[in-house]
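Trainee: What follows is each chain in one-letter form.
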Amino acid sequence: MRAMRLIWAVTLGVLGLVRVAVLGAQAPQTPSRWAQPAAELAGQITDILGPGQAQVTIRNLSTIETSEIPIIRRLLEQDLKAHGVLPSGAESANAIRVTLSENTHERLWVAEVAEGNATHVAIVHVDLSVKQVAVTDARMVLRREKVPGLFNRIGGVVQDNPILAAVEINGHFVVMYADRISIFSSGTGGWTEVNTFLIDKRLARDPRGVLLASADGGSFTAYIPGGECIGSYSLPLAGATADSGWSVRCQTSDDPWPVYQSGDASSAPALKAFYNPARDYFTGVVAPSIGVDLPAFYAAGMIPRAAGGAALLVNGIDGKVSLVDNGAVKTLAGTRDWGSDFAVVRSGCGMGTQVIVSSSGEAANDSLRAFDIPALEATPVSGPLAMDGTVTALWTAQDGKSAFAVVRNASNQYEVDRVTALCN
Amino acid sequence: MLRRFAISFVFAAISLTAMARTRPHYGGTLRVEIAGDAWERPDGIARRLVYEGLTQLDASGTVRPALALTWDSDNNSHRWQLRLRPGVHFHDGSLLTSATVVASLMASCNADCPWTTVKAVGPLVVLTSDSPMENLPALLADDQFLIGMTATADGKTPVGAIGTGPFQVTGFNNGVLSLAANESSWQGRPFVDAIEIRVHRPVHEQWLDLSVGRADVVEVPAEQLRPAQQQRLTVLVSSPVTLLALQVTDAGALANVKLRGAIAAAVDRSAIYNVIFQKQGEVTASLLPQRLTGYSFLFPTDRDLNRAHELRGGLTTGPLTLATEGDGAMQLAAQRIVLNLHEAGFNVQMASTGAQQADLILRELPLAAGEPAAALEQVMRSAGIMTPMTAKAPAELLRAEQNVLDEKKVIPLLNLPRAYANGMRVRDLRLRADGTPDLADASLEAGQ
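First to last, the protein sequences are chains E and S.
Residue 59 in the working numbering sits at position 59 of the first sequence; the count goes up by one each step and never skips.
Residue 551 in the working numbering sits at position 127 of the second sequence; the count goes up by one each step and never skips.
Think of the hints as simulated: they come from the structure by calculation, not from any bench.
Hints should not be assumed to be uniformly reliable.
Unchecked claim - To give an idea of the chain S side of the interface with chain E (calculated C-beta under 7 Å), a few residues:
| id | residue |
| --- | --- |
| 1 | Asp482 |
| 2 | Thr717 |
| 3 | Gly718 |
| 4 | Tyr719 |
| 5 | Gly808 |
| 6 | Pro812 |
| 7 | Thr814 |
Ideal Cβ placement from N, Cα and C applies to all residues, glycine included.
Please take these sequences and the hints and turn them into a complete structure.
Mentor: If you want it as structure tokens, here you go:
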């Protein structure tokens, strides 16, 4: 009986060991993102210390989560052992003090290796991981999508040159910078600049511009402070690349700029406004006349009214947002948090048309938010959509269903985001 | 320590990126008050309003084009050529040319230039040196190399300060420097029409003027950040952009590096930080701050009086003199250092403010560049160490910094922020990489 018990116990024990071994073999073996820097640091430490024993301590001065520290310690100790350095207690004459640190560009792991009275330092760098931005939602959700390749960089170097506007036309993106108009073609990895035309840069500290595609998609008009440029595409000569068919002609002009395009891109601009190039805003004089005096403004757009017809929404330079409806200018409530720019989009959700507005707050990054305007009050219908920097321009896309935003990040890099309002 | 960094970064992030999302208005007069002189180097507030450099640093300390549009180097950074931005004019209407730039650069430095020769070659400015100038674009953004007119077209000395910057000087009356917007600034006309800078105004009077609406932008010394916050002033705080350091002569009795080491070990940084600077900034024993390198903790900051006595080894130096380049907290810090050194057996006396011949000088060294090698060269140059910095990797930079610090001619004490308070009508005020306010991009609320 006793022998039977012994055999049973041994069998259970063997089975248990087999189970542990099997489970261990099945455990996921995904390499940790810390494995490479840990191996590199262990290698450098070993070069200094050579095989032997050392007390290993780790402290964290970085933004690495505390929960990651045991993993890093385990990796480091494994790598040190592999190099012949055995972690020991405080009695050891050698000490390895590892500090997980970081600067504004990168993470650094620094090991102070003490052998008697001498201390040597080993350093490895670890790339900072990018944090993902979460988007909150409400009745609608705003979704943003970077237009890949559209930025103010040349050869990886950020240029001192803001993006003012962009328009998609005939399979190309036309981008207006402060000093040039560039044509981008779609390629692998995003849009690629294929042609560029310098324009006479008007000096402005808060530069703006408008790009408008023609109805047939074969040309565009660029409105710049004090001038106007016409871009057109014609079939290139035989042997030339397809992208060489673009040409741009500019002339001095004080003609009014389009501030509102009807939903039908094939129609002419519904409203134009005179622009003050010395002060970077619209004067309030519009064409055709709408029968009321408008204040000087930064942005304007047309929104449909529940009772039929449409009203003009104007964001004045005094911070007041007005609605011009039935020949009367009325102040819109609920706009305290509005910035200077907005874009009207036909989402098909809720009231059908919403206004996407930049924020006026003092947060590090701007946000966009969709509003309904049922009467004389703007009602938020989406949560704020966090952007990666300051929104410097915002306009309705040609399809009328989405908007484009130019965002300048903390590194002075400009990017173009397409923002779409989705029903929730 | 980490928490302090985090708080500093938050302040820095706010000061560097915060801006109103409504578009700025044009017009109005911005009233600024300062305790010092508007033109004093290295950071007189009028200097970067009137003058511009060939390059500039953005808020993160990255080098950007300014009067030079592009630049490139060859011969292993021994030769740089910079192409000027076309169509830039001085305030008197004359065109900025490579010749005027060269004249200005030649007047800006003598033996301490980072280059050996500078010359105009057509539209290019060409700088050459016997040593590699890896960090020249960043160095050219320094206040020392701002471009000003040195001679008029007819060869005469210009009257007053003439630059290409966003503001031009219109007068100086009753302690107020008046500047007017430069309508043809290549960066665009500034938003405000004019700036009035009231100079030599004590800080408490600045704050009083701010509270009653007589000033729009005033100074907040680092040691007064806490009272400013208690008074609910709207304060912009930079990241630590100056290095408070003790510069030690290597002549006379202090030619002995052990004696200089004894001085370094005797200084009580914590007392200066806690008591005099009211826990603002960061205690440091490294030239570059943690935010730039990530390794500044390797330099011990604790006072070690035993080590100081050990290094001094009974040697006497005779009376030493210590001067400061500032008043207020700087004077107090200097007096505290004198006491520290007395405790280590040194006989030190205070010299008059600004004395250049003192054995020890308590100084604030600028730390504007965002790239560590450029920042290290900048701070070393400010301390009179003209060694070109070619190190790039963290381990190389650490070695270079250790080599400088081992000489004990510069003893880092604190990294300090800069701060300004602004009134309610000021919009979009931001701080530059050097912690000074960028008044050209500020605007005033409409109707005020």
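Trainee: Hints first: check each against the structure and report whether it holds.
Mentor: Evaluated hints:
Annotation: S/Asp482 was flagged as interfacial toward chain E, and the flag holds, the nearest CB pair being 5 Å apart, inside 7 Å. Nearest Cβ of chain E to the Cβ of S/Thr717: about 6 Å, under the 7 Å cut. The hint holds. Checking S/Gly718 against chain E by beta carbon gives a least distance of about 4 Å; that is within 7 Å, so the hint holds. Checking S/Tyr719 against chain E by beta carbon gives a least distance of about 5 Å; that is within 7 Å, so the hint holds.
A distance limit of 7 Å between C-beta atoms decides the matter here; for S/Gly808 the minimum to chain E is near 26 Å, and the interface restraint is violated. A least Cβ separation of about 22 Å between S/Pro812 and chain E goes past the 7 Å threshold, and the interface hint is therefore violated. Annotation: S/Thr814 was flagged as interfacial toward chain E, and the flag is violated, the nearest CB pair being 18 Å apart, outside 7 Å.
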